[in-house]
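Number of protein chains: 2
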Amino acid sequence: MNAPTALNHLLPQVNLREVPTALLDALKARFGDQLSTALVVREQHGRDESAFDVPPPSAVVFAQNTQDVSDAVRLAAQYLVPVIPFGVGSSLEGHLLAVQGGISLDVSRMNKVLSINAEDLTVTVQPGVTRKQLNDEIKSTGLFFPIDPGADATIGGMSATRASGTNAVRYGTMRENVLALEVVTASGDIIRTGTRAKKSSAGYDLTRLMVGSEGTLGVITEVTVKLYPLPEAVMAATCSFNSLADAVNTTIQLIQLGVPIARCELLDENTIRMVNAHSKLTLREGAMLLMEFHGSPEGVKEQVQTVQDIAAEFGGAAFEWAETPEERTRLWTARHNAYFAGIQSRPGCKAITTDTCVPISSLADALLDSVTEAQEAGIPFFLVGHVGDGNFHMGYLIDPAIPSERELAEQLNHQLVARALKLGGTCTGEHGVGLHKQGFLVEETGHGAVEMMRTIKRALDPHNILNPGKIFSL
Amino acid sequence: MNAPTALNHLLPQVNLREVPTALLDALKARFGDQLSTALVVREQHGRDESAFDVPPPSAVVFAQNTQDVSDAVRLAAQYLVPVIPFGVGSSLEGHLLAVQGGISLDVSRMNKVLSINAEDLTVTVQPGVTRKQLNDEIKSTGLFFPIDPGADATIGGMSATRASGTNAVRYGTMRENVLALEVVTASGDIIRTGTRAKKSSAGYDLTRLMVGSEGTLGVITEVTVKLYPLPEAVMAATCSFNSLADAVNTTIQLIQLGVPIARCELLDENTIRMVNAHSKLTLREGAMLLMEFHGSPEGVKEQVQTVQDIAAEFGGAAFEWAETPEERTRLWTARHNAYFAGIQSRPGCKAITTDTCVPISSLADALLDSVTEAQEAGIPFFLVGHVGDGNFHMGYLIDPAIPSERELAEQLNHQLVARALKLGGTCTGEHGVGLHKQGFLVEETGHGAVEMMRTIKRALDPHNILNPGKIFSL
Chain A
3 MNAPTALNHL LPQVNLREVP TALLDALKAR FGDQLSTALV VREQHGRDES AFDVPPPSAV
63 VFAQNTQDVS DAVRLAAQYL VPVIPFGVGS SLEGHLLAVQ GGISLDVSRM NKVLSINAED
123 LTVTVQPGVT RKQLNDEIKS TGLFFPIDPG ADATIGGMSA TRASGTNAVR YGTMRENVLA
183 LEVVTASGDI IRTGTRAKKS SAGYDLTRLM VGSEGTLGVI TEVTVKLYPL PEAVMAATCS
243 FNSLADAVNT TIQLIQLGVP IARCELLDEN TIRMVNAHSK LTLREGAMLL MEFHGSPEGV
303 KEQVQTVQDI AAEFGGAAFE WAETPEERTR LWTARHNAYF AGIQSRPGCK AITTDTCVPI
363 SSLADALLDS VTEAQEAGIP FFLVGHVGDG NFHMGYLIDP AIPSERELAE QLNHQLVARA
423 LKLGGTCTGE HGVGLHKQGF LVEETGHGAV EMMRTIKRAL DPHNILNPGK IFSL
Chain B
3 MNAPTALNHL LPQVNLREVP TALLDALKAR FGDQLSTALV VREQHGRDES AFDVPPPSAV
63 VFAQNTQDVS DAVRLAAQYL VPVIPFGVGS SLEGHLLAVQ GGISLDVSRM NKVLSINAED
123 LTVTVQPGVT RKQLNDEIKS TGLFFPIDPG ADATIGGMSA TRASGTNAVR YGTMRENVLA
183 LEVVTASGDI IRTGTRAKKS SAGYDLTRLM VGSEGTLGVI TEVTVKLYPL PEAVMAATCS
243 FNSLADAVNT TIQLIQLGVP IARCELLDEN TIRMVNAHSK LTLREGAMLL MEFHGSPEGV
303 KEQVQTVQDI AAEFGGAAFE WAETPEERTR LWTARHNAYF AGIQSRPGCK AITTDTCVPI
363 SSLADALLDS VTEAQEAGIP FFLVGHVGDG NFHMGYLIDP AIPSERELAE QLNHQLVARA
423 LKLGGTCTGE HGVGLHKQGF LVEETGHGAV EMMRTIKRAL DPHNILNPGK IFSL
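Read top to bottom, the protein sequences are chains A and B. The opening position of the first sequence corresponds to residue 3 in our numbering, with each subsequent residue numbered one higher. The opening position of the second sequence corresponds to residue 3 in our numbering, with each subsequent residue numbered one higher.
Bear in mind the hints are in silico, worked out from the structure with no lab data behind them. Quantities reported herein were computed from a predicted structural model and do not represent experimental measurements. Worth double-checking, as some hints may not be accurate.
Claimed, not checked - Keeping only pairs whose Cα atoms sit at most 20 Å apart, straight-line, the calculated SDA-like set for lysine to any residue is:
1) B/Lys-424 / A/Lys-303
2) A/Lys-303 / B/Phe-321
3) A/Lys-134 / A/Arg-194
4) B/Lys-228 / A/Gln-255
5) A/Lys-424 / B/Leu-116
6) A/Lys-141 / A/Gly-103
7) B/Lys-228 / A/Ser-363
8) B/Lys-424 / A/Ile-118
9) B/Lys-303 / B/Phe-321
10) A/Lys-303 / B/Leu-116
If we strip away everything but chain A, and leave its shape as in the complex, we get (with noise of 0.2 Å):
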């Protein structure tokens, strides 16, 4: 009998219930091909960029449409066994896998843009749509969707998580840029949350409260988001510094005064170097951030004008301008791919990854104590950071094979969110709670939030089919 190990406090409780041959029979008869049993199926879907290690869902259904959603769920309920919607895989906090079994619902082939409604800067999608093929269908139109996580997550995804990433100091997050959304709920209905209005005050809020359900309240069938007009001037530039504080001190100036850059990241010198190797760029090895901006000519050119000023006093270098839309689009692909060029800086390596979110006025306190920590403990990390917002993540690169690695990152962590919440912030600025974040929430939110949700939970699915084991126990 082995004793419990000081690790076992950080893996995710896997409680697997029973997947009745019945349901796989009732599946088999109902999607015939679009279910598969086959292990490099199911194990593909049962597991994410997490760290975590869990047996795999016993079935993968493959969604065509939101009818086949509603009868997958509804055959699942009545066997009271676990659905977990997927995507692309790309969550990074463990919300795909299994950990009371079930089956996976893959949306992915549920790809189509449905409408275009160009005059009123709003699109209708399915949920495997990716934002990558989005803004390639809605290229013509001259509007764009911001939302950019580092992955090519989908749009049904980055609902169920809210996601943001580099453009959501400018242009909100999926919560400010979902207007409605289709869902079907744990006994298989199909509701309608919200209208293509840009604004409403119709009862309770249920588009938001599935924004960021992470799979828990419904799967969601379709969304309706927001566009904006492709900017008329777009200039992209990076700057040095000699420290991070002073590129952290230049952020923290530029968004107090108003600013409305676009995209405003942040790199240290050790992540530029994992950047520049994976993307094969020479960027200058340093503190940096990466900025871009938008709007018309003269109001790039003084937002420009404003950020060159303070960044110059606290000792940055002269920008370098991304000219043509080349050399920007490959300076933010080597942004979005640094949390693989992480990864394949330590070969074999798993991240662990944090999220907090701080009141940009308490972003050094955050960011820089976090640093020095993790120097001290001399653990390898990447360092990447939505500074404009006030989010950074540290990508802790850990042996999986050594437990006392994943032990001190995990504890590195663990003060990190602690400093961060006690600055008035949050755990996950993006990522989501999943497995990883369930003890965060409750020291962020309290035990009086937490059971609220719990509540909602248990009264929108009575026998916890749907995603079970997320965000909070139950």
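For this one, chain A is given, so just place chain B on it according to the hints.
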């Protein structure tokens, strides 16, 4: 015995629950002078700007802090008696009426600004702080709070109804501007939702579930909202058109082009006349856009140029500028008082106010046909619109003593809402559902979504004591 009149279906369902003397005694013991059972006080708390007539609550508790609210709710819960939160009584939809009896919980004495975090662009206030008071108290910071419903409403009430106003086209509504809340639940517990971080993916979005819940899920006792730097340059102008259609089409085009206009308000000729009379102004009598532009001096110049060009295409007259801050204030005060100007234009009347909001491309269809219908019906009305958002209000000015007038107004409203819903819009852009729009809510969102709202309500308020009978019947 009276036969039911044709009007009955339009009146609120009054179903008084008993308020036991034991509760009144317990409240008296706990609250002393903070409790009033005087008829005049109860009557003042038993009505709002809506056109309904309902018996007043049995008592009014004047809460001075969160503990007062918690204790009052706890006592009411013990006796299963309804509690109706009250701010300044400016609701237009009957939110404050004691349709199931109970006590009014007046939070207007909870009117302290608790903490100004200027460097984070946030402020935390008690729910009884009004929007004008808030802006007065933060004046020295160089920041402002933009959300401005017509009345000088409380921040608590504005949160509860998901209010907006003239600035929403640029700054969003309470939905986008409330960061965090303190809430007293149906059992009297005190919870916190959200943090001061700009974004978060930490569990269900309880903040936005409470915003717009009209006092039915909890009593708001603290609100943290976003602030904005006062724009470097502000310019306000009016522009007259030969027809409503021209004014509306100008608006549609400037929104579709993404002009970041701060305010874009429409008034029709008749309403201009009412406003001129009420506010002693001499605005040109014709369909008019009232606009405001915020930004850098250059940015404002660009916006103005673009909008002037568009307006000229639709035959708009030259802009007339409100040159000084005093003139601007006078103009916007007059706009905010348009509702009262309308009421004053027909002594003794009540206004039945519509509140649809549609996707911007449908604004002309929604608005012009509704105006034509009202004109043909021969009912006096005013027309104002936050047209930049696709939201407009008609106020049918009825004599409450003449049932056929109310019937006609309700019929016109029904046609107007049906049209808006068909165009992809909502029955209420900013006033809330209250008593008046419950049927429309079902038409808009469907039985399934309303049933989900009811399920949440039952779970969070099992004895249905928090502002019962509002949003939906239960």
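Evaluated hints:
no., hint, in the structure
1, B/Lys-424 / A/Lys-303, "43 Å, violated"
2, A/Lys-303 / B/Phe-321, "27 Å, violated"
3, A/Lys-134 / A/Arg-194, "25 Å, violated"
4, B/Lys-228 / A/Gln-255, "17 Å, holds"
5, A/Lys-424 / B/Leu-116, "18 Å, holds"
6, A/Lys-141 / A/Gly-103, "41 Å, violated"
7, B/Lys-228 / A/Ser-363, "14 Å, holds"
8, B/Lys-424 / A/Ile-118, "18 Å, holds"
9, B/Lys-303 / B/Phe-321, "13 Å, holds"
10, A/Lys-303 / B/Leu-116, "39 Å, violated"
Going through the hint list in order, the structure does not satisfy hints 1, 2, 3, 6 and 10.
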